[in-house]
Structure formats: structure tokens, C-alpha cells
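Protein chains: 2
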Amino acid sequence: MNKARNTKVDILNAALPLVRKLGFESVSIANLAKEVGMSKSGLFAHFHSKEKMHVMILDHASVDFTQNVVMPALKSKRGLPRLKKILSNWVGWLGSSSEGACPFVAASIEYDQKEGLVKERLQFHLGSLIKAISRSVDHCIEEGHFDKGSDSNQIAFEIYSFVIGESIYRKTLGHKSSNKILTESLNRLYARSK
Amino acid sequence: MNKARNTKVDILNAALPLVRKLGFESVSIANLAKEVGMSKSGLFAHFHSKEKMHVMILDHASVDFTQNVVMPALKSKRGLPRLKKILSNWVGWLGSSSEGACPFVAASIEYDQKEGLVKERLQFHLGSLIKAISRSVDHCIEEGHFDKGSDSNQIAFEIYSFVIGESIYRKTLGHKSSNKILTESLNRLYARSK
DNA sequence: TGATAAAACGAACGATCGTGCTATTATTGA
DNA sequence: TCAATAATAGCACGATCGTTCGTTTTATCA
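Protein chains in written order, with our numbering: chain A, 368 to 561; chain B, 368 to 561.
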């Protein structure tokens, strides 16, 4: 039961870039099996169904986000420095290696109207992500980096929107200075009511 | 050659809600044919390939956007009133009847990394959409509704991001007051440097 | 109305999909 | 090392996909 967990991680690591490139529904068991050099049935045995596979890919994306975006930022000082670090990590994560879209946005598009395990899990993970941003904004307010009366949910919404917007500008439109525009938007936001 | 155009419009009208519900790749020829009550081959004859069908659905979405979002707003006064009207029409369009995601965002996710006719067309349409917003912001600057030094591209980016963000909040997260949050964000933006 | 053309259909193709089986490896622990 | 067990492969199935082709139905217009 050791070997299994290893290859499962290998599979999920291979799945994430595929999801970001092709979307969830295009990452089939057959497709993914070829990618990792396994038989269809061998890979299938790890997940027991396509839906459960997609759920676990989503879970894996969430772990990946936490490890590579949130956790490294915990070394930065609580408040604005940490929030800024989270955001730069986030943008880096979205633009990293494999390219492609944000896995949560991809799932958003494909499972909005499809009830099932994937949609439920997506709601949980995306909700957690936004709650994490909101909490980080709260720290900024507590530390006096944002105005006392600021609404952290409001600010978290705007931050999330900007990050997703930048991703679309860069990936779809091929916008050259999307990062500069994002930075400008965030700077305006940081400077709010101070 | 009259009948053909009529059924083609019928097909595209049926396709748009499906795309918004399921994404592009899930709208298959077989699927769509069943939806409109035609045979696969009968429907196929209208498009000659699946890719061309997806391109025409995208074109149709663009026409739909122009007719239902941009054009009705032209009756409003040039400048901020018109921009506000475009935005409320836009949000209404995204939340209208069929529900589902923004077709351009759906295409964004699915065709970012897939070269071909669909991606090319998407770049054109999404670029046009954002240019239209930016132009409307320029009018606001000219009319003195926004500060002279405002950057219309910057503001257009933020507006676009907010609209997409609201859509994800509402559709995926089921956020109750997403519209209120969006309104607050836009009001802050309208009030900028005045 | 009847000839001509357009539009829609039905059947079939090869490909790919998810998912059961059973058999065959590879890994593990005494 | 050797039995027990877990992991993987091979194969087959029904479904669905895009596409082709020949036929039939429907619309057009002189």
C-alpha cells in the first residue's frame, strides 16, 4: 500500500497540468493513462470512477495551492507584507511551468450547472481560497495597514477578480503588460482609505 | 436558401444556452442535434465540421452581446450613464434565462492552449468586447465624468475583472449578495479621482 | 404545377470513451 | 524465500463521438 500512494501522486501531478491546459472534461482516463504510461484499467483502479478522479485532481490542486502559494507566504510579516506575498505567489503559480488556466476557474466553468461530487468539492475549495484571502485582509486591517472600517470580504472579492482577470488577459488575449495592469490595480487597492 | 438560414439561427440560439451550461467541448453535434430535434447529419451539413460550428456559436454569442448589452445602452447619454447601462445590461445578460457561465470565459478556459480557429476568433471577440468598454470609459473621461488623467485601459480591466468575478461568486459559490458586492466595487470605481 | 435544387435523414465507419472482468505481474511481511 | 496480497495489464462491452455517403423529403421558382 506504499507503491499505490506513490503512483497516485504521480498520476495527480501529471493530471494537474493537463487540466489547466485542456479543462477537466478533456482529461479522460484513457488520456491520462497514456500521459503517465499506464494502462487504462491500471489507472482506473486508483480512482474507481471518472468523477472521483476529477474530485481528487481538484483536491490535489488545492493542496498544491496551499503549499506553493499560502504556506511560503507565512514567513512574511503578518498583514500587508504577507498579503502581497500571497498575491505574487498566486500570480506566479498561475503562470508557472505548465501554463493553462486556473484549475478552480476551469472547474467553475465546467461544473457550475452539473450537480455532483465535483461541484460540491469545488465550492468547498474555492470558498476556502477566498476565505484565506479575506482572513489575510483582516490581518491587514488589524495591523493598521488598511483602514479600520474596511470590508475584508469586499476587498477579497476585488483581489480575486483582479487575479482571474489578469490570467484571462495574459492567456487568452496575450496581453503584454497584463502584469503591470494588475500591479497598478492592486496598488490602488492597497492605498485605499489610508 | 432561406430555410437554411432560419434553421441555422434556430440551432445557434439553442446552442448558446448549452455552451453556457456545459462549456464548448460538451456541446457535441449529436448533443445539439437532439436538443433542436434534428438528425446529426442534418445539423452537420450546416457547419461542415465541429470546429467551424464552435466558431459560429462564438460569433453568435458576440452578436447576442452586442444586440442585448451594447446597443440598448446607446440610448443612454454618452459618458457615465451609458457605461452604467452597459454594465447593468451585461450583468443581466450573464444572469439571464439560461444561466451558466459567460460564453467568452468558457471559451477562454477551453481554448487557451488549443491553437485553431476557435482560439483566434475568441481573441478577436474578447478583444472587441474589452475595447468597447475602454471606449466607453474614454467617453466618460471626455465628458468629465472621470478624471482627465484616468487610464481607460486600466479602468476597463478592472471593470471586466469585477464582472467576471461576480459571475463566479454567484454561479459557483452561490454567493447571495454578489450583486451588492459588485455594485460597491463599481461605485468605488466610478468615484475614482473625482 | 413540375423540374430543379436545397435541406434533412438514416445507416455505417472508425475512434475514443468509461467501466467491468480475469489474468498477470510486482510488492510486501513472516 | 515463499506464500499472501496489492498493483497493473489485457481484453471486451456498450455508448457516444465526428464524419461520410447515398437516399429521401422539402422548398424554390420559372
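Accuracy of the hints is not assured; some may be wrong.
[To be verified] So the derived list for chain B, only partly shown, Cβ under 8 Å to chain A, looks like this: (1) 388; (2) 393; (3) 397; (4) 400; (5) 404; (6) 493; (7) 495; (8) 527; (9) 531.
Rather than coming from a laboratory, the hints here were simulated on the basis of the structure.
Glycine included, each C-beta is placed from N, C-alpha and C at the ideal position.
Is the interface hint for residue 495 of chain B satisfied, with its Cβ closer than 8 Å to some Cβ of chain A? violated (11 Å)
Given residue 397 of chain B was flagged as interface, is its beta-carbon under 8 Å from a beta-carbon of chain A? violated (15 Å)
Interface hint outcome for residue 393 of chain B [beta carbon to chain A under 8 Å]: Residue 393 of chain B check passes; min Cβ-Cβ to chain A is 6 Å, inside 8 Å.
Close enough to count: is the Cβ of residue 404 of chain B nearer than 8 Å to one in chain A? violated (22 Å)
Close enough to count: is the Cβ of residue 400 of chain B nearer than 8 Å to one in chain A? Interface hint status for residue 400 of chain B: violated (19 Å vs cutoff 8 Å).
Quick check on the hint: residue 531 of chain B CB to chain A CB, less than 8 Å? holds (6 Å)
Minimum beta-carbon distance criterion (8 Å), residue 527 of chain B to chain A: With a closest approach of 6 Å, the residue 527 of chain B hint holds.
At a threshold of 8 Å, is the proposed contact between residue 388 of chain B and chain A supported by beta-carbon distances? holds (4 Å)
Was the hint right that residue 493 of chain B lines chain A, CB cutoff 8 Å? holds (6 Å)
Violated hints for the displayed structure, listed by number in ascending order: 3, 4, 5, 7.
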